[in-house]
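Next come the chains, spelled out residue by residue.
2 protein chains.
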Amino acid sequence: MIKVGIIGLGTVGSSVVNILRENADVISARAGVEIVVKSGVVKNLNKDRTHLGIKISDNVDDILDDEEIDVVVELMGGVEEPFEVVKKALKNGKAVVTANKALLAYHRYELADIAKDIAFEYEASVAGGIPIINALRDGLSANHIESIMGIMNGTCNYMLTKMTNDGVAYDTILKEAQALGYAEADPTFDVGGFDTAHKLLILASIAYGIDAKPEDILIEGIENISRDDIAFAKEFGYVIKLLGIAKKDKNEVELRVHASLIKKDAMIAKIDGVMNAISVVGDKVGETLYYGAGAGGNATASAVVANIIDIARSGKSKPMLGFDKPMEGKLTLKAAGDIESKYYLRINVSDKIGVLARITKIFEENSISIEAVLQRQSCTQSANLLISTHKAYEHDIQNLISSIEKLEFVNSKPVMIRIV
Amino acid sequence: MIKVGIIGLGTVGSSVVNILRENADVISARAGVEIVVKSGVVKNLNKDRTHLGIKISDNVDDILDDEEIDVVVELMGGVEEPFEVVKKALKNGKAVVTANKALLAYHRYELADIAKDIAFEYEASVAGGIPIINALRDGLSANHIESIMGIMNGTCNYMLTKMTNDGVAYDTILKEAQALGYAEADPTFDVGGFDTAHKLLILASIAYGIDAKPEDILIEGIENISRDDIAFAKEFGYVIKLLGIAKKDKNEVELRVHASLIKKDAMIAKIDGVMNAISVVGDKVGETLYYGAGAGGNATASAVVANIIDIARSGKSKPMLGFDKPMEGKLTLKAAGDIESKYYLRINVSDKIGVLARITKIFEENSISIEAVLQRQSCTQSANLLISTHKAYEHDIQNLISSIEKLEFVNSKPVMIRIV
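Same order as they appear, the protein sequences are chains A and B. In this text, residue positions in the first sequence follow the UniProt record's numbering: the first is 1, and each later residue adds one. In this text, residue positions in the second sequence follow the UniProt record's numbering: the first is 1, and each later residue adds one.
It should be emphasised that the hints constitute simulated quantities derived from the structure, not laboratory data. For every residue, glycine included, the Cβ atom is placed at its ideal position computed from N, Cα and C. Any given hint could turn out to be false.
Stated by the list, open to error - Simulated restraints on C-beta separations:
hint, chain 1, residue 1, chain 2, residue 2, range
1, B, Y109, A, K325, 31 to 41 Å
2, A, D324, B, E22, 18 to 28 Å
3, A, D171, B, T332, 51 to 61 Å
4, B, K413, A, V168, 48 to 58 Å
5, B, N46, A, K116, 47 to 57 Å
6, B, E22, A, T332, 15 to 25 Å
7, A, D216, B, K330, 45 to 55 Å
8, A, D117, B, K116, 18 to 28 Å
9, A, K116, B, Y109, 33 to 43 Å
10, B, D113, A, N92, 33 to 43 Å
11, B, K47, A, D25, 50 to 60 Å
12, A, V168, B, K330, 46 to 56 Å
13, A, E80, B, G315, 31 to 41 Å
14, A, K116, B, G315, 38 to 48 Å
To be verified - In silico lysine-lysine, DSS-like type, Cα no more than 30 Å apart, as pairs:
hint, chain 1, residue 1, chain 2, residue 2
15, A, K234, A, K88
16, B, K55, B, K43
17, B, K116, A, K3
18, B, K264, A, K234
To be verified - Calculated from the model, a selection of chain A residues having no Cβ within reach of chain B, i.e. all distances over 12 Å:
hint, residue
19, L45
20, I56
21, D58
22, T332
23, A336
24, S403
Turn these sequences into a full structure, and let the hints steer you where they fit.
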């Protein structure tokens, strides 16, 4: 029998307890042993949790020091506090399962060092119920990974899908998402791209052995996407998605999170609503894609329980981050400014003679080649210039935007979306 | 160092040799050991294979009795001959990796018994490079699987996609697929649904612990699909795909392979061309979907090599078919006649008065309720009746078709497609 202790009994933690009970028949048949939750730890003991039918305390040491417990499930949230907790669990010889992406975004390499001989699993930390860690670490292990492109935030994808299908404005749909419980009161972590970045960093470690922190990479959100941009996308056969992108270019890896214009017939463009999907291109296997629910108590708990079953079956069976030793000629992180992309810009200008000439001159000065221009009247006194470019460097585009922003007839900071 | 012997050096076997050499850097970093191919066995020694740079013989015992070899890769094809070969490999203490779906469709349970303590892996046997075995056996192990729906034959999907997008007739597109090397000279194994059935049986064992052979289940192909059916599908918002379907209904599991009408906004309906995809619904995780190349030397070899890496990392780490012991209240196979579905029928009739009345009467006699009828002139003397039904039992539909076929004004056997 495998005994589990769960730290944090919110939506996901309660679902873990329920799944282990409701699906005990199939779980014990697959694992070869019974898996039972012995106890849980919560912050606030006042809430009634008798329906869970387990011993509950508010002291993590009741789990960490319990010699009967084999597996500690960490679902408390945060970064430094759970870091201390899982380190102690590992030191006490307990396997650890977590769904905590922030913990991993900051401490995954330290944890991999400590967990050399004991299982530390984290399938639920990226894209909820989709077994993407499993796929990338085991299923695609024969490949050099060429790229990863993921829709890993259901809130953003729900909002962008609604904006595209129903023509709703950003502020309206954000309020709706908040009312439905898809978005937090402070939505920055989701719509600002940070949640996606945490997940991307985890995948990048497995794919490339790249150690980076959120501060090191390009992160932008969807806050500036307007109905004009959606309309432009539609007209030119694109959809707009918030993507986490990892891409190998010789010995460098670029990591970035941003709203992206994607050709509408790409598989990743077909993912709508709150669903998540991750497209992975391997040098041998070509493109594979993984689709499913990226959040929700049961979907996330499904991944947590799968990890527990795996530990029950085989203990520590593979290196935590997929690499047993660093690869020769290790890959390094590409500087954000050196990333190449095609770009779309929306520039709101006062409707005067000579505006387009002045702006296109600045493109030329920054060595950026224009692919297409579309001018749209936005009200009586101003117009939107929608410009797409050929491939250019990120630092050149940033210089271009600074220069354009200063022009007297430009009414606001230009909005830029990268074309993938 | 892990030493590998490969039996069968066709497209996939050669790709395995190449991947292990070309990607040796990332493979040894992930596996923690070097993995090298020591030798290969082929039927015909006359073909030049010096470029592979390995020792080659035409005697399987040169691999099976070689004490240095740790892993035997079986890529010889067939059923009984490879069965004897892999049994001997296992008896000699060697781990086995195979891509052979036919071997598994017939002998997977005997093999699981023999391979209790030694690794026997087969990721490449279903959907080539897509790590679906991995996902189903590990990633979704916490779930009761409610259903599996897979596009697992690239030939059929290519043909149906072309028929849908370009309006090409079945015979024309079959010839084109043969010219492109997507279809065999005798295409029966693919277009008749047998290839899909082999793969479905493998997945059904992992999902449900169901032991069945191809002879036990409903298998139909795409040979009767016409442009009329494609047109009907388009008009009513469906696409036609060849699906392998496994579905749990209380304590029974239905297994079937047939052309299917699917609502066009379902994820599985969006899979075009030679690509494969498998949609799996778990009771906790909801729908997840796995997409990628289902065939091709490199994609298939990617899965074979992933299995070798897994064996190098951890030896035997889980039960071959996902179950360590049978589940209590074991599931049984539902009789094909008891399967319930909605149906579409195309009935070619001579254009006479009273035809529709006679036919609808027969529906009534078989307790089958009609949902919609569409009559289409097919030439001056005959018309196609396109009829969709509400849910009905397979045995009732088969009786209905027999009765209708006998009517004097019915010109050929009615074509039936199940609506999923």
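Here is what the structure says about each hint:
no., hint, result
1, B:Y109 / A:K325: 31 to 41 Å, "holds, 38 Å"
2, A:D324 / B:E22: 18 to 28 Å, "holds, 19 Å"
3, A:D171 / B:T332: 51 to 61 Å, "holds, 55 Å"
4, B:K413 / A:V168: 48 to 58 Å, "holds, 51 Å"
5, B:N46 / A:K116: 47 to 57 Å, "holds, 50 Å"
6, B:E22 / A:T332: 15 to 25 Å, "holds, 22 Å"
7, A:D216 / B:K330: 45 to 55 Å, "holds, 52 Å"
8, A:D117 / B:K116: 18 to 28 Å, "holds, 26 Å"
9, A:K116 / B:Y109: 33 to 43 Å, "holds, 37 Å"
10, B:D113 / A:N92: 33 to 43 Å, "holds, 38 Å"
11, B:K47 / A:D25: 50 to 60 Å, "holds, 52 Å"
12, A:V168 / B:K330: 46 to 56 Å, "holds, 50 Å"
13, A:E80 / B:G315: 31 to 41 Å, "holds, 37 Å"
14, A:K116 / B:G315: 38 to 48 Å, "violated, 18 Å"
15, A:K234 / A:K88, "violated, 52 Å"
16, B:K55 / B:K43, "holds, 14 Å"
17, B:K116 / A:K3, "holds, 25 Å"
18, B:K264 / A:K234, "holds, 20 Å"
19, L45, "holds, 28 Å"
20, I56, "holds, 22 Å"
21, D58, "holds, 27 Å"
22, T332, "holds, 15 Å"
23, A336, "holds, 25 Å"
24, S403, "holds, 42 Å"
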